[in-house]
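Turn these sequences into a full structure, and let the hints guide you.
Protein chains: 4
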Amino acid sequence: MFDKNAVAKNPPMGWNSYDYYDTTVCEKDVRANAEYMAKHLKPFGYEYIVVDIQWSDPDAGKNRPQEQYISFSHICLDEYSRQLPAENRFPSAANGAGFKPLADYVHGLGLKFGIHIMRGVPRYAAHTHMKLKGTDATANQIASPYSISKWNGDMYGVLHDRTGAQEYYNSLFELYASWGVDFVKVDDICNTNMYEKNPYSAEKEIEMIHKAIAACGRPMVLSLSPGPAVIEKAWHLEKYANMWRITDDFWDNWVLLKAMFERCEVWQKHVSEGCFPDCDMLPMGRLGKGFLHERSTNFSFDEQKTMLTLWCMFRSPLMIGAELPLLDKPTLELLTNPKVLYMVTDCHGARLVTRDSEHAVWTCSDNHSDDRFMALFNLSEQEKMIEASLQDLGILKVSALEDLWECRAAEALQIRKMTDESPVISAVVPAHGVVLYRVKV
Amino acid sequence: MFDKNAVAKNPPMGWNSYDYYDTTVCEKDVRANAEYMAKHLKPFGYEYIVVDIQWSDPDAGKNRPQEQYISFSHICLDEYSRQLPAENRFPSAANGAGFKPLADYVHGLGLKFGIHIMRGVPRYAAHTHMKLKGTDATANQIASPYSISKWNGDMYGVLHDRTGAQEYYNSLFELYASWGVDFVKVDDICNTNMYEKNPYSAEKEIEMIHKAIAACGRPMVLSLSPGPAVIEKAWHLEKYANMWRITDDFWDNWVLLKAMFERCEVWQKHVSEGCFPDCDMLPMGRLGKGFLHERSTNFSFDEQKTMLTLWCMFRSPLMIGAELPLLDKPTLELLTNPKVLYMVTDCHGARLVTRDSEHAVWTCSDNHSDDRFMALFNLSEQEKMIEASLQDLGILKVSALEDLWECRAAEALQIRKMTDESPVISAVVPAHGVVLYRVKV
Amino acid sequence: MFDKNAVAKNPPMGWNSYDYYDTTVCEKDVRANAEYMAKHLKPFGYEYIVVDIQWSDPDAGKNRPQEQYISFSHICLDEYSRQLPAENRFPSAANGAGFKPLADYVHGLGLKFGIHIMRGVPRYAAHTHMKLKGTDATANQIASPYSISKWNGDMYGVLHDRTGAQEYYNSLFELYASWGVDFVKVDDICNTNMYEKNPYSAEKEIEMIHKAIAACGRPMVLSLSPGPAVIEKAWHLEKYANMWRITDDFWDNWVLLKAMFERCEVWQKHVSEGCFPDCDMLPMGRLGKGFLHERSTNFSFDEQKTMLTLWCMFRSPLMIGAELPLLDKPTLELLTNPKVLYMVTDCHGARLVTRDSEHAVWTCSDNHSDDRFMALFNLSEQEKMIEASLQDLGILKVSALEDLWECRAAEALQIRKMTDESPVISAVVPAHGVVLYRVKV
Amino acid sequence: MFDKNAVAKNPPMGWNSYDYYDTTVCEKDVRANAEYMAKHLKPFGYEYIVVDIQWSDPDAGKNRPQEQYISFSHICLDEYSRQLPAENRFPSAANGAGFKPLADYVHGLGLKFGIHIMRGVPRYAAHTHMKLKGTDATANQIASPYSISKWNGDMYGVLHDRTGAQEYYNSLFELYASWGVDFVKVDDICNTNMYEKNPYSAEKEIEMIHKAIAACGRPMVLSLSPGPAVIEKAWHLEKYANMWRITDDFWDNWVLLKAMFERCEVWQKHVSEGCFPDCDMLPMGRLGKGFLHERSTNFSFDEQKTMLTLWCMFRSPLMIGAELPLLDKPTLELLTNPKVLYMVTDCHGARLVTRDSEHAVWTCSDNHSDDRFMALFNLSEQEKMIEASLQDLGILKVSALEDLWECRAAEALQIRKMTDESPVISAVVPAHGVVLYRVKV
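Protein chains in written order, with our numbering: chain P, 1 to 441; chain F, 1 to 441; chain D, 1 to 441; chain G, 1 to 441.
If you're looking for bench data, these hints aren't it; they were derived computationally from the structure. Hints may be right or wrong, so weigh each one.
[To be verified] Selected chain P positions facing chain F (in silico; Cβ < 7 Å):
#	residue
1	71
2	72
3	124
4	126
5	127
6	140
7	145
8	153
Keep in mind that this is a model prediction, so the values were computed, not measured. A virtual CB, placed ideally from N, CA and C, is assigned to each residue, including glycine.
Shown next, in the form of structure tokens:
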């Protein structure tokens, strides 16, 4: 019996091609990033190599900057309306091999292989009445002409109550299983309030995909995008998916990072084995080449620590957006701090302690001791003292504090003698920065 | 120099196939209705015979009741992405004749011929990169994959800033002119706030259509649908179109009829030569066959008088929705009351006098005398006395009243002696009904 | 140190005067209900007697049916802008005794005493610049003239950043503590998105109230009303209040009951010691007298079981709306089924298993064994079979089933042999009804 | 019989105290401005001197910058709940004289006198159950506790269906008539969608005010504020008021000025004798003293010409916001260009010709000849050529052009020979500026 939660006991960690390559990633790029990961990141838990959007379009990116996705491009399809890798970009896919050779290579490095797909069936297939595998129905019979993405013109949504609909999705994941895919990021589907419901239903399409994964015989992580996911539908996402985006696309912009604190508050009670609200990729290192806007991240070092602390404590998936072979040493060190990454795999129960427009305090609990972790975030524009009481942390005493980013013991405990207040842990925190403590009891 | 206002000096009057046939009207039906009109209605000013939606789909209506429009149907196109009449439904269109033979027949009866089109370019043409006439651009190059109708799956909006866009519309109207078309109802375009604007613009698409009509060399009435049109864009509609729908589809339902009073208030100052806010077809007589819901109108006789009085006084276009050969005598008499129809052609300045949830009073002015017309509408569920003061009508005295529906002189004037009130004209009006006076000064 | 969660370790259970009396409850009514509770309900855990809205208005209800609350009524105030019980309605409050004598009486029955207040400061006090206790500031200096309730005209919101604001709230709760109040339902404050934020803040007013309770020296349950509470602010409510309404006022109407299932889904992860999302009073028995609409509940017996099952499993507070002395025996039995009430005090982890428009399945866990409780709700209009798989319940095997409403062993387990499905528990459930099982492992 | 349109045959022109004084204007300030107007502006048509908001508050402005209006201030009231001028600010109002002495002074200068009021009845009067004149009802009986302004705390809306409501308004205007008031600006009422309708109705309150003016025996201009007025209610405003604001408060900010072009488009067909959509005061000269932000207008000279041209052609009321005694000569000349002001009194039929984000062209017609006026507005950030065709102006030929701001003959006519285009009038216009022509035929 398929247990989707067993596929992702901890938040998936890896690399995704989008932030650097946009739609243009090619086979050699994927290999280079995988090789870097195997060597430098795998020891710290990073393992997924994910090929993001538009791998079936031979011309992807050629109409930049006019458009991100080429309208009405003739993407590569097999006879059953299924997308295949564009061979000019992925040479090993020649002769119908699909992504199998590339997945094999990634597996050979000890890593796992993931792909992106847009939900739905290709518009071209619907308009030309193409065949589907395992059913007499044709693509036009399962497609909704009214269910389109707002930002990509390739697909129509699939109507779950049509004959052939489940068979179509089954045929997709059968193909992906044959390639050796370990992770599927399904796009244009996560925020199920984004599109009108009648008769198309994004929720039902998620269920079809879940069933197709269960039926395909190979465990795959199911990642849903883009956000913001709808909190009212948390139970549905927890039942059918492994990770789901809780914001729209995240980039190297402080306003977006600050806003993530509110999103994590909303979703903090919805993190569990196999169920990970997703803060999106980490836009660190070199970014934006495929967008014709190559740059080093706009985030300061303090902001990157803030981001990593929040992502790790909240147990968001950690997918690196950087071009890995171009990572500099300080960035690599941020990404591989074992005392911070420990929270991703060995903590639980992250929750907001206090927040206002100028600061936030979060805490989580160690799986293996009574220790607590506490992050003091400075959301303001000036260095300031941030504090939290032991009472708010839910503990009675502290024996020692360890500063996890600075890797040193800290002396930050204040005992207040005021009538109604408990002892307080505090730190002076730089603007946009964080101090992260292991609080030993 | 093309003056679009000269094409429709008065509100267009005629018949439209939609209310009875939905998508299924055929050549013989059009001919039968035209013959009836020539014989019974033409003397009263009715002259347009309009073939409504989906005439290019050979299978139109075959998937009722599952769907109104057949998703991904292969509609008839010429080599330049232009729709042609389905020959199985319009036999005279064989051999590339298009609607010319049918238009000729209608013209031969002394009438005018109109067609419906969906704005945009066929989706099929875009996905298969079909040619366009008069340009090297292909259909995919002018189509927006994000501009679709919410209720019909045939077309994509045309991006006005693309090479070939104006040429495409020019080629359409060149074809329609060659057929002898006198009236074009362009659908999915009137409410320019209905769809997001960037980069597609319904307003720019209206302008392209206007230019194409100007360029085609044949005068054509330009009718835009569906509503509600946006009052903030009145100037734009008045500049480029002849009539535009001021509500969503209107049917034989009192709630919709009552709501039309509010819409007419909003638009009352925007009626002028060549510019007619459109209250939609008159759902009288036999209706609904193509919708699998054939019936006689649900409107009572009083409600039909209310509707006709409002439409005529407001100078809305008058397009009959009934199957004409099945008209009964009383309905025909309603439609051909010359004293009521007089307002359509020989009055101006219709305006609301007073309205609340239970009544409305409207007035308009005669073009040829100082007489006024006054309609006392009872919007409530009981018979009641309705009245209006001469002051509100803007006149000082009354010499006689003529009841235009009852065709008799009326005695309804009351002189009130109260300090601050002027003489009052009144009538006892049945629920949902109207009394319409010519007020002679 | 004040721990607000310790005040309500389990969901509060009791009686509230609103559903029967509206604004008109008097001292003798409160006593009669308290006496009934002490005798018939206390053994099952019910203990709070709550006097709801408008106890300071001598004329409350006298302008029915024109208005629920008397506009600009001169409510009873002490010299410090604090409301006092109207002595004509609560005779024991004479001579400045306030609610102390009545609270003493309730305490003497072994019960607890609660009151309702509107958030804010009396408008009359602000306009006449009345004094506040413990500060030189006057009522006009802490009131916001723009923060009013949409449905009651008595109060203005208090601006938290004004001198005297916290002192005012402290003075209120000091008074309530002196009376012996155990429970305060603060109204017009729970849905913090209901009113504009600048500069007034409902969230800050909640915090002031929390602080005033902490300072007053007497434990009091803090109940916030009306809903719907905002899920994005769950952490704030959990930090400062004990219970908060998750819908607008709930009444004996199936549409409202069905909608509660969606609300409970949203809030299911936010139930913990001291923190209870509130489904509102139980509109059972005799209702509506003060509303001039006295009746027995419109809920069928099946609907009442559905309601009680959901409230108990979800661990909503259980506040009876009925006039207790008029309870009939079957209703009393519904309210005192010990096997159902067991879930309120001895279970945890209630969660939705599956839901669609026609059914819902919920489960929760026993605190003292590995047993599970499972409720199969029929939300449709016909009797139907409802089922849930053991896998969805998260258990592997079942040794026995006990039907808790019928109080009998049940035989409902089906073992399906299909490839991908686990054993299923099912029941035939009447329309709008429920079957509730203890699932023994 | 009262004809409200006869009171304002042309758009009212004058001065209003708000833009310079905010709430703080005093008697000597009003006299100084009146004296300036009598000497310098009256010959050009300016005649109204309007005392704006808060003249009954002795402390108005004393709590700046904390608040614009003093919350819960004890404004001056007579025994019938009617506001009186604060005598410390208006000494001639002593001994119950009200505004009569000041109005007499203004009249003595050959000018007219206006006041501002907030709609409704004082909150204080409602809470203290004060008397009303001409009725036994008291203030609490006609006030709605739920109808408050969003920005001023003085008043409650009056419920039109209550006994005493019309009598209250009659008593107000009886008092104003006794003072000699010629113009009343009623505030917090124009945008009738701003507040919820049930049971309070801003529309009904407007009707009560209209009736009170009709009953008071003295003609008064009725000006409604603030906007944006609701175009769907144009007929109601035209029936009951003389001028109504079509935007929120207008200030010396280009974004607001540019936005006014869209508002004027919407309202262009609703200008007629006695009916003037109002673009708000002209923020020219010295501004903002009472706001603690005294300055000369932020508008450039070109922007001021653009504003005056639009206001004059559209026939908006022209109420100067500047402190008149501080006007400099160039500003005075802008305000008194007789060839531009001619449009206010002697033209009609202003309408938009074309507009996009970078330009607008408007035209209007002379009442006394076939000449047209045409304004070419440059809405962009660079100088550019703007043009309009004779066809769009609706004329066939041009004999001469006169540039009305530059006061010289112009040579701007271009005859285009292109097939479908008519002769074009054009000008090179500075950024944010305008060229205004009289087009002689």
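### Task
Check each numbered hint from earlier against the structure, then list the numbers of those it violates in ascending order.
Hint check: nothing fails, all pass.
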